[in-house]
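K.L.:
Heads up: the protein sequence lines correspond to chains S and W, in order. Mapping of the first sequence onto our numbering: residues 205 to 528, in sequence order. Mapping of the second sequence onto our numbering: residues 205 to 528, in sequence order.
Source of the hints: derived by calculation from the structure; they are not laboratory data. Predicted, not measured: the structure shown is a model, and the values here were computed from it. Keep in mind that the hints are not guaranteed to be accurate.
Treat identical chains as interchangeable: a pair holds within one or across any two.
Pairs of lysine-lysine, BS3-like flavour, derived with a Cα cap of 25 Å [said to hold, decoys possible]: (1) 409 x 308; (2) 240 x 448; (3) 249 x 308; (4) 291 x 249.
Number of protein chains: 2
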Amino acid sequence: MFALNRRSILSGAAAAALMPVAAFTPARAVAPPAGKQAPSFYRYKLGTNEITVIHDGARTFPMPDIFVKNVSKDEALAAAESAYMPKGMVTVPFNPTVINTGSKLVLIDSGYGPNVSPTVGLLPFNMAAAGIDPKQIDIVILSHLHPDHINGIRAADGSAAFPQAEIQVPALDWAFWADEGNMSRAQGFMADYFKNFHRVFDPIKDKVTKYEWGQEVAPGVTALDTRGHTPGHTSFAVASGSSKVLIQSDVTNIPELFLRHPDWQVMFDIDPQQAAATRHKFYDMAAAEKATIIGFHFPFPSIGHVEKDGNNYRLMPVAWNGTL
Amino acid sequence: MFALNRRSILSGAAAAALMPVAAFTPARAVAPPAGKQAPSFYRYKLGTNEITVIHDGARTFPMPDIFVKNVSKDEALAAAESAYMPKGMVTVPFNPTVINTGSKLVLIDSGYGPNVSPTVGLLPFNMAAAGIDPKQIDIVILSHLHPDHINGIRAADGSAAFPQAEIQVPALDWAFWADEGNMSRAQGFMADYFKNFHRVFDPIKDKVTKYEWGQEVAPGVTALDTRGHTPGHTSFAVASGSSKVLIQSDVTNIPELFLRHPDWQVMFDIDPQQAAATRHKFYDMAAAEKATIIGFHFPFPSIGHVEKDGNNYRLMPVAWNGTL
Chain S
205 MFALNRRSIL SGAAAAALMP VAAFTPARAV APPAGKQAPS FYRYKLGTNE
255 ITVIHDGART FPMPDIFVKN VSKDEALAAA ESAYMPKGMV TVPFNPTVIN
305 TGSKLVLIDS GYGPNVSPTV GLLPFNMAAA GIDPKQIDIV ILSHLHPDHI
355 NGIRAADGSA AFPQAEIQVP ALDWAFWADE GNMSRAQGFM ADYFKNFHRV
405 FDPIKDKVTK YEWGQEVAPG VTALDTRGHT PGHTSFAVAS GSSKVLIQSD
455 VTNIPELFLR HPDWQVMFDI DPQQAAATRH KFYDMAAAEK ATIIGFHFPF
505 PSIGHVEKDG NNYRLMPVAW NGTL
Chain W
205 MFALNRRSIL SGAAAAALMP VAAFTPARAV APPAGKQAPS FYRYKLGTNE
255 ITVIHDGART FPMPDIFVKN VSKDEALAAA ESAYMPKGMV TVPFNPTVIN
305 TGSKLVLIDS GYGPNVSPTV GLLPFNMAAA GIDPKQIDIV ILSHLHPDHI
355 NGIRAADGSA AFPQAEIQVP ALDWAFWADE GNMSRAQGFM ADYFKNFHRV
405 FDPIKDKVTK YEWGQEVAPG VTALDTRGHT PGHTSFAVAS GSSKVLIQSD
455 VTNIPELFLR HPDWQVMFDI DPQQAAATRH KFYDMAAAEK ATIIGFHFPF
505 PSIGHVEKDG NNYRLMPVAW NGTL
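Work the whole structure out from these sequences, hints included.
P.N.:
See below:
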């Protein structure tokens with residue numbers, strides 16, 4: 205204030221006119237940082253359906269040596285770094301989808317659930333922000349039975365996170381993960397995934413509904429054969445009137461690596477050759493149709509178009525629409 | 205229910221095991237559509253600063269014949285359509301930014317304000333959702349004096365939307381828009397823009413603060429010369445510790461057209477040759493530095509990196525971070 209007074213005295217009205225208006229208003233408290241991210245959901249209308257992508261969070265971790273099985277770690281890291289991921293790290297986001305068909309409220313995949321890390325398991329928080337009551341979910345459809353897709357069906361106390369919902373699982377994935385021989389041969393993270401399967405499903409194993417490819421698993425929602433990532437890995441076509449969206453699930457993991465390089469094999473692909481064949485088939489079709497695609501591991505809001513780029517592909521995210 | 209009963213009777217337990225669990229729970233009300241988009245703001249930390257991009261909305265309109273002054277309308281429309289804009293249309297989003305420097309709460313540009321269309325003027329709503337009180341804004345810095353940047357400083361009743369804020373305007377833009385000779389020669393939309401300038405600013409014309417390029421307009425916020433779009437068009441470098449972000453304002457309009465084709469001249473560029481020269485200079489520097497850029501007309505959340513692509517550029521949006 206000394207400087208202000210001194211300049212005002214020295215230069216009079218001319219200096220005063222240049223002074224910030226705020227300098228003449230009473231001092232007030234500085235606004236504290238808000239400290240919270242926006243609720244991370246995104247909604248759009250598909251015909252008469254209301255689709256809401258609900259962000260479960262993301263994990264950033266040191267890239268495992270075999271994250272991409274068939275290229276060098278240096279090459280994989282270079283791709284991550286060229287996508288502005290932190291040096292040496294890889295970031296993977298997780299995005300379940302809710303579909304209100306008008307007659308059923310359907311959740312596709314459930315995220316990581318509680319107690320994994322502070323940056324994931326955000327589904328309940330973001331679902332509440334989206335105005336969706338977990339008790340109103342009629343059907344939970346799981347695309348495949350990996351932890352990041354299934355763990356969220358249980359709350360922290362082990363109870364059902366969606367207590368009124370039918371739980372639908374792909375019959376072929378169920379057969380794979382429930383097989384004792386497969387489990388006995390599993391090593392490393394796969395052994396953990398089998399144990400996790402039993403932890404999540406044993407208490408409700410007689411209550412799940414097993415679905416097949418080609419089946420309409422909810423009104424207007426058809427299960428599509430996209431095997432490879434897992435034996436029963438499923439994508440979904442959601443149709444309403446003349447509108448359609450493809451929920452690809454894990455046809456690719458993160459697009460920055462695996463859409464740009466569709467023949468790269470992410471460590472989680474159980475049948476990597478089949479997974480790569482599925483990727484080409486799925487995206488060649490989607491690109492030709494200019495289909496809208498929701499990807500579980502696409503950056504939130506995880507909706508876009510996939511275009512051919514030589515033998516590779518690229519994701520064109522949709523432009524955010526601030527109104528419905 | 206008839207089918208259920210009949211199959212249960214015919215096939216007994218085996219069929220029952222395949223029945224959806226939900227079929228056995230009491231019928232309940234279908235959840236109505238939520239009907240509301242997510243609040244559209246996005247927050248990130250820059251050193252000790254908290255930066256919040258606040259979406260003011262977007263407009264989709266039939267592409268004007270001269271939207272791009274120096275290429276055919278067909279060529280411009282093809283670029284819009286290849287970015288999945290509706291046929292014949294162009295979509296332009298608007299994204300002001302709030303910076304909490306710890307000592308000042310600063311708004312850069314103010315959006316369209318009320319009464320333009322239902323899809324813009326969302327700033328007050330999204331600012332409230334972001335937990336930011338307009339009465340706590342200390343400084344509003346305007347990058348240039350086009351309607352989509354300035355109109356939001358007035359509420360629907362004409363009062364100050366940010367009643368405690370100092371309003372900072374670029375001195376060179378002020379001189380241009382306040383010049384009676386310039387106004388008398390203006391035609392078409394430019395004549396409207398001059399009238400709009402007077403509508404917005406005449407009641408407070410003695411109270412605005414005029415800033416110059418190179419000046420620190422708020423703590424850690426430096427005004428950068430990016431002339432061309434308007435005579436005083438300004439971008440901002442925001443620095444905190446070793447972190448920096450560039451708020452480019454309108455160095456380009458929508459990236460789908462003008463970053464991909466930096467020599468295309470959007471109809472709003474007052475000095476198109478200078479604007480194109482500024483674009484190349486600004487993005488060549490930003491690409492070399494791998495600078496993070498916030499673009500007023502980039503798709504929300506409007507933060508990304510700009511990369512060189514031959515003589516053109518492309519935007520790589522940042523991945524959404526669901527936690528702070």
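K.L.:
Could you run down the list of hints and mark each one as holding or not?
P.N.:
Here's how the hints hold up against the structure:
1. 409 x 308: within (23 Å within a copy, 57 Å between copies)
2. 240 x 448: Answer is between; shortest inter-copy Cα gap is 21 Å, intra-copy 34 Å.
3. 249 x 308: The answer is within: 15 Å in one copy meets 25 Å, while 40 Å across copies does not.
4. 291 x 249: between (38 Å within a copy, 19 Å between copies)
In this structure, every one of the numbered hints holds.
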